[in-house]
Amino acid sequence: MNFVDLLFWLFATLTLGGGILMVFSRHPVPAALFMILSLVGVAALFVILEAFFLAILQILVYAGAVMVLFLFIIMLLDVGPEGGKASRIKIFSGLAGVCAVGLLVVFFLHFMLNSGWVNGSSWPEIVEGNLVNGGNLIFSTSVKSFGFGLFTKYMLPLQVAGFLLLAAMVGVIILSKKWAPGKE
Amino acid sequence: METITPHHFLALSALLFAIGFLGVVIRRNLMLVLMSLELMLNGINLALVSFSRVGLNLDGGLFVFFIMTVAAAEVAVGLALLVALYKKRQSVFSENLNLLSN
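As you go down the protein sequences, you meet chains A and B in turn. Just so we're aligned: 104 in the numbering used here is position 44 of the first sequence, and the numbers increase by one with no gaps anywhere. Just so we're aligned: 11 in the numbering used here is position 4 of the second sequence, and the numbers increase by one with no gaps anywhere.
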């Protein structure tokens, strides 16, 4: 077993373990911290897949911004652990969840791994240099190729994403605004 | 010992998606439901990056970029809704949100 394999198993354990602990922890603050663990594990897996830019982005956006926002809101609302009997996980929904997840995993593993539309045995070599091959953007470890792709083939989606962020910002401001009484 | 293959990554992403789905179904705290949604999106991101790496095609990587954007916007709006809800009902548990049920 070489070093990269060891790293893969380490970070796979970290990701899945963090996810499972997050789903089953009763208090939201440890759940958010386990979530950060899981997100860092995913970022490390991106590094193993040689998508360095996305790994950095994952850390900055998810572990940095999104989870800080989550922790901020958790502490702002002061949500305690799921207390009384009424708020526990109900046996019916637990059963439904386990059944659905079992079906999902079986479906995924069966159809993804047995349909041969992924070359599942080897990793192709990355060729640096060219950015495009005909109409296709070539996978590359450099940030330059991301910029090139975003500003050529994905120009319209990039604009739409920017507009989506603007709409989200306006929506959040309106949602959290305090309306004057009698003006509603 | 066999080395890791793309299938390992795909299986891991499927498991991550399934864990997130389990969280969405069984948790009653809406904060944790939102976090589990993030976990599902991360499973998808991992699958897209490994497809991108195996196919030597950057489209998957760029999709991950857009998914991250949408996830950030979704979290911002979701948490604002949650705060507005908490102001009205003093609770973030889904069993207390029965305004339309009777």
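What the hints contain is simulated information worked out from the structure, not anything from laboratory work. A few of these clues could be false.
Unchecked claim - Only part of the chain A face toward chain B is listed, based on derived beta-carbon distances under 7 Å:
1) 68
2) 195
3) 199
Only a predicted model underlies this, so the values are computations on that prediction, with no experimental measurement involved. Ideal Cβ positions, reconstructed from N, Cα and C, are used throughout, including at glycine.
| task | Against the structure, test the hints numbered earlier, and report the numbers of the ones violated in rising order. | result | Per hint list: single violation, 2.
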